[in-house]
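Each chain, written out:
There are 2 protein chains.
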Amino acid sequence: MKELSVDTDTTNTDHVEDIEKKEAYDELIVLLENEDYEPFRENFLKLHEYEQGEFYSLLDNEDRDKLYRLLSPKEISDFFDTLTLSDEEMEEILTGMDARYAAQVLGAMQYDNAADIMNFLPKEVMMSFLALMERDDREEIRILMNYEDDTAGGIMTTEFVSIDSEMTVHQAMEHLRRVAPNSETIYYIFVTDINNKLVGIISLRDLIIADEDEYIGDIMKERVISVNVSDDQEEVAYVMRDYNFLAVPVLDYQEHLVGIITADDIMDVIQEEAEEDYYRLAGMSDEGSPLDDSSFTAAKKRLPWLIGLTLMGMITATMLSTFEDTLEKVALLGAFIPIIGGMAGNAGTQSLAVAVRGLATGDIKRASLLKLAMKDIFTGMMTGITCAVLLFIIITILFGQPVVGLIVSVSLFVAMTVATLTGTFIPMGMSKLGIDPAVASGPFITTSNDIISLMIYFSLANALMGALT
Amino acid sequence: MKELSVDTDTTNTDHVEDIEKKEAYDELIVLLENEDYEPFRENFLKLHEYEQGEFYSLLDNEDRDKLYRLLSPKEISDFFDTLTLSDEEMEEILTGMDARYAAQVLGAMQYDNAADIMNFLPKEVMMSFLALMERDDREEIRILMNYEDDTAGGIMTTEFVSIDSEMTVHQAMEHLRRVAPNSETIYYIFVTDINNKLVGIISLRDLIIADEDEYIGDIMKERVISVNVSDDQEEVAYVMRDYNFLAVPVLDYQEHLVGIITADDIMDVIQEEAEEDYYRLAGMSDEGSPLDDSSFTAAKKRLPWLIGLTLMGMITATMLSTFEDTLEKVALLGAFIPIIGGMAGNAGTQSLAVAVRGLATGDIKRASLLKLAMKDIFTGMMTGITCAVLLFIIITILFGQPVVGLIVSVSLFVAMTVATLTGTFIPMGMSKLGIDPAVASGPFITTSNDIISLMIYFSLANALMGALT
Chain A
1 MKELSVDTDT TNTDHVEDIE KKEAYDELIV LLENEDYEPF RENFLKLHEY EQGEFYSLLD
61 NEDRDKLYRL LSPKEISDFF DTLTLSDEEM EEILTGMDAR YAAQVLGAMQ YDNAADIMNF
121 LPKEVMMSFL ALMERDDREE IRILMNYEDD TAGGIMTTEF VSIDSEMTVH QAMEHLRRVA
181 PNSETIYYIF VTDINNKLVG IISLRDLIIA DEDEYIGDIM KERVISVNVS DDQEEVAYVM
241 RDYNFLAVPV LDYQEHLVGI ITADDIMDVI QEEAEEDYYR LAGMSDEGSP LDDSSFTAAK
301 KRLPWLIGLT LMGMITATML STFEDTLEKV ALLGAFIPII GGMAGNAGTQ SLAVAVRGLA
361 TGDIKRASLL KLAMKDIFTG MMTGITCAVL LFIIITILFG QPVVGLIVSV SLFVAMTVAT
421 LTGTFIPMGM SKLGIDPAVA SGPFITTSND IISLMIYFSL ANALMGALT
Chain B
1 MKELSVDTDT TNTDHVEDIE KKEAYDELIV LLENEDYEPF RENFLKLHEY EQGEFYSLLD
61 NEDRDKLYRL LSPKEISDFF DTLTLSDEEM EEILTGMDAR YAAQVLGAMQ YDNAADIMNF
121 LPKEVMMSFL ALMERDDREE IRILMNYEDD TAGGIMTTEF VSIDSEMTVH QAMEHLRRVA
181 PNSETIYYIF VTDINNKLVG IISLRDLIIA DEDEYIGDIM KERVISVNVS DDQEEVAYVM
241 RDYNFLAVPV LDYQEHLVGI ITADDIMDVI QEEAEEDYYR LAGMSDEGSP LDDSSFTAAK
301 KRLPWLIGLT LMGMITATML STFEDTLEKV ALLGAFIPII GGMAGNAGTQ SLAVAVRGLA
361 TGDIKRASLL KLAMKDIFTG MMTGITCAVL LFIIITILFG QPVVGLIVSV SLFVAMTVAT
421 LTGTFIPMGM SKLGIDPAVA SGPFITTSND IISLMIYFSL ANALMGALT
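First to last, the protein sequences are chains A and B.
Under UniProt numbering, the first residue of the first sequence is numbered 1, with each subsequent residue one higher.
Under UniProt numbering, the first residue of the second sequence is numbered 1, with each subsequent residue one higher.
There could be a bad hint or two in this list.
To be verified - Here are the simulated lysine-lysine pairs, DSSO-like style, with alpha carbons at most 27 angstroms apart: (1) B:K21 with A:K371; (2) B:K22 with A:K371; (3) A:K22 with B:K432; (4) B:K371 with B:K123; (5) B:K46 with B:K74; (6) A:K197 with B:K46; (7) B:K371 with A:K300; (8) B:K46 with A:K221; (9) A:K371 with B:K46; (10) A:K66 with A:K46; (11) A:K22 with B:K371; (12) B:K375 with B:K432; (13) A:K21 with B:K371; (14) A:K197 with B:K22.
Said to hold, decoys possible - Where chain B lies over chain A, by a calculated footprint (3+ residues, C-beta under 8 angstroms): (15) 20 to 33; (16) 172 to 181; (17) 202 to 213; (18) 261 to 275; (19) 295 to 304; (20) 343 to 352.
Hints in this document: simulated from the structure, not taken from any laboratory.
Ideal Cβ placement from N, Cα and C applies to all residues, glycine included.
Could you put together the complete structure from these sequences and hints?
Here you go:
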């Protein structure tokens, strides 16, 4: 998720690239610091919520306090909904406000966003905010707080429009006009029965085209694609992307309509999920925005992976040390250790990347295992033979050592084929065991392939020792 | 982009996981193969377009031909819009149809999708389809064909609703009802002046709430966020995500409104761009869906990277061969080549990943270079020292060789620090030179770091040779 860089030491607009925006923000800062109430409010409220949030993130703590005096909790909540600060920053901001004011801001935010924030706050702070909130808001937010962060329940909102199938189009439009200000989207209207079970859906587009006297029940679509509250957010994202939905209804286990998920939330999910796999491939976990991390936080995030890899690297080293005699006799063999291990790692990472994304998007489930294995073996052999021939020619010309060239290139060929195969099947095996295959990140596959490929290399070298010495 | 696996040898539903769907599809196949015109059409047209597309992709060529006889070009176009087949497959499908029928299907598709397909077709096929199309469709598609694939112009549609600011709300609603069937979205209405310049925007939500007699000019928002036809699709995606837009207007250089981009297209872009970086990190180019590639195609895609890396690997090998004497004297040094090179590669890849995504999302532009460098040095030193100490302890205990342990761990420390720094600054330098930093993929950084880190390792070993022999 993209985050705004927050530097709360001093208010400045140095990082704003758009000149027009920069000027507008600079002017606003002057008005704010002079506490020019009316002109500030007028100019500020003209901005898009996202820009209000961008402006807010430029302010130091002192100016933020001034802002709270000039704006209502509702006005603050509008742009707080667009902020994508880390949980820690949000906590700092909210606990820095007057508690009653903060509770009102949270209550006025979109309930799904408020629930996410509440779930992160220390328990006593969260409880006091809940206590200070209006009853309706408290109840809605409480319900949403029960759902896991990365499930449909965790990203849905309860601010949707539902109507009765016995309404006429005219009545439905009237209802819509009334509830529009408090709904996240009015472009899909959900039709429920008296038990709050979802029985149909109608888009605002169809509603507008329809005759005023028709009954909703007669024109709604009865086949509704929905998701369950406990569905993984990634699955929801693929449903919405495939079906091109702007919103999808969320049902509980009794098929009651409990919320909706809108397209804007899904854009974030799609990016989050892809970036998660991306960072895993690079051997790190992605929590928050890595770019904003201090070097200490960055080191803390990267170290678990690096320590694991150091230990795996020691397995390689120990294994290699058993070939000390071979190396002593033909030291030149040592020069090709990086290329053998490296190329096996590269080939493995390529096929890993395809497998991990294939598993994530569900595409790989449709493919047969045997077919995949055969395909990988052929791909590995084709790429392996090409690189091996190239390497043999170079080594023979450059070092005048055809036997070493042969050992290196045959090893390379075998290692790349094996690596291509493990790159697909390790993540698939993990997925079958219920482990997220993205954990089998690039570096782990690379290090495993190091061990396998160098084993092949030195075994072959040992076998051909006679020809070398 | 997710693609449907297409196996056109035989019609079967083996890969459909959802039991209900599978039954529905199986029933449809029977109706289709028996050419039961009416019941087939009734059941088929009840499906969501995405499901129609899914069903279509299960059919073999013979059944597809039957389908064309049962459905109108417009009915075909509705689900063709949801297909995400490779360009080659789409070409095969279209050239397999009656030319006039194919032209009508293309003309009835969303213009942006049709233009994408047309741009890929062989020139003579494309020209003949254009000639067979209705005039209006031909003109719209021709205009869109002029824009680059991955720009705002390339993903926009011309099927939007624009109105005059002097209309009343009532008139606007009437207009909307008329044009709704042919517009990609009616939820944002764009207000233009007589020169077709964009002067404002109004959401359907605001239109519904407004008084019927008000003038559009009085209630529209005059500050409109827009993009230029030549803007990169990735920039457009970030604007839409940040502002939570369902659609964004596209202007030409004279500020005329020429199209709009809708949220559903942007979901694909966000995923495409993230996956592009992902596959680059794994050392491969992502064109189409790698999972569906034959092993020959997969090898062809991966080989350019692998050959480049083989050549880079030979640089490492040549450099290492100059240390043959050192290796001959202390062969154990060879055992640690993979861990030194590997860990430098891992540390470099981690910081590369952060830099590439930071550059892609624009976040890194806001950060100062000096600050980034300092941060990286500290991160590299902290992670380096931790792994180095760990390694020193293990080597001393396991091999009883504290001097080797010292050489390995000091090299590791220096190599990881340098690698962390290069991981950030190589992609940033490339970006400054106008090269896409994602090209500096994981394997290239890894191989560069191999060379640097092993240079450090053996230089240090040479310097301390006296203590070792």
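Pair hint K197 (chain A) and K46 (chain B), alpha-carbon separation not exceeding 27 angstroms: The hint holds at about 22 angstroms.
Counting residues of the region 202 to 213 of chain A whose CB is closer than 8 angstroms to a CB in chain B, do you get three or more? Coverage by chain B holds here, the residue count being 4 at a Cβ distance below 8 angstroms.
Can you confirm whether the C-alpha distance between K197 (chain A) and K22 (chain B) stays at or below 27 angstroms? Answer holds: K197 (chain A) to K22 (chain B) is near 25 angstroms, not above 27 angstroms.
Within 27 angstroms, alpha carbon to alpha carbon, are K371 (chain A) and K46 (chain B)? violated, 35 angstroms
Counting residues of the region 261 to 275 of chain A that have a beta-carbon nearer than 8 angstroms to any beta-carbon of chain B, does the count reach 3? holds (count 9)
Compare the distance between the alpha carbons of K21 (chain B) and K371 (chain A) with 27 angstroms, and conclude whether the hinted pair is satisfied. Holds, at about 25 angstroms.
Is it true that the CA of K21 (chain A) sits at most 27 angstroms from the CA of K371 (chain B)? holds, 25 angstroms
Within 8 angstroms of chain B (C-beta), three or more residues of the region 295 to 304 of chain A: holds (count 6)
27 angstroms Cα cutoff - pair K375 (chain B), K432 (chain B): Holds. K375 (chain B) to K432 (chain B) sits at ~20 angstroms (cutoff 27 angstroms).
Using C-beta distances, would you say chain B covers the region 172 to 181 of chain A, given that this needs three or more residues below 8 angstroms? holds (count 5)
Starting from K371 (chain B), check that the Cα of K300 (chain A) is at most 27 angstroms away, please. holds, 19 angstroms
Between K46 (chain B) and K221 (chain A), does the CA-CA distance stay at or below 27 angstroms? Distance of about 10 angstroms is within 27 angstroms: holds.
Of the hints listed earlier, those the structure fails to meet are numbers 4, 9, 15, in rising order.
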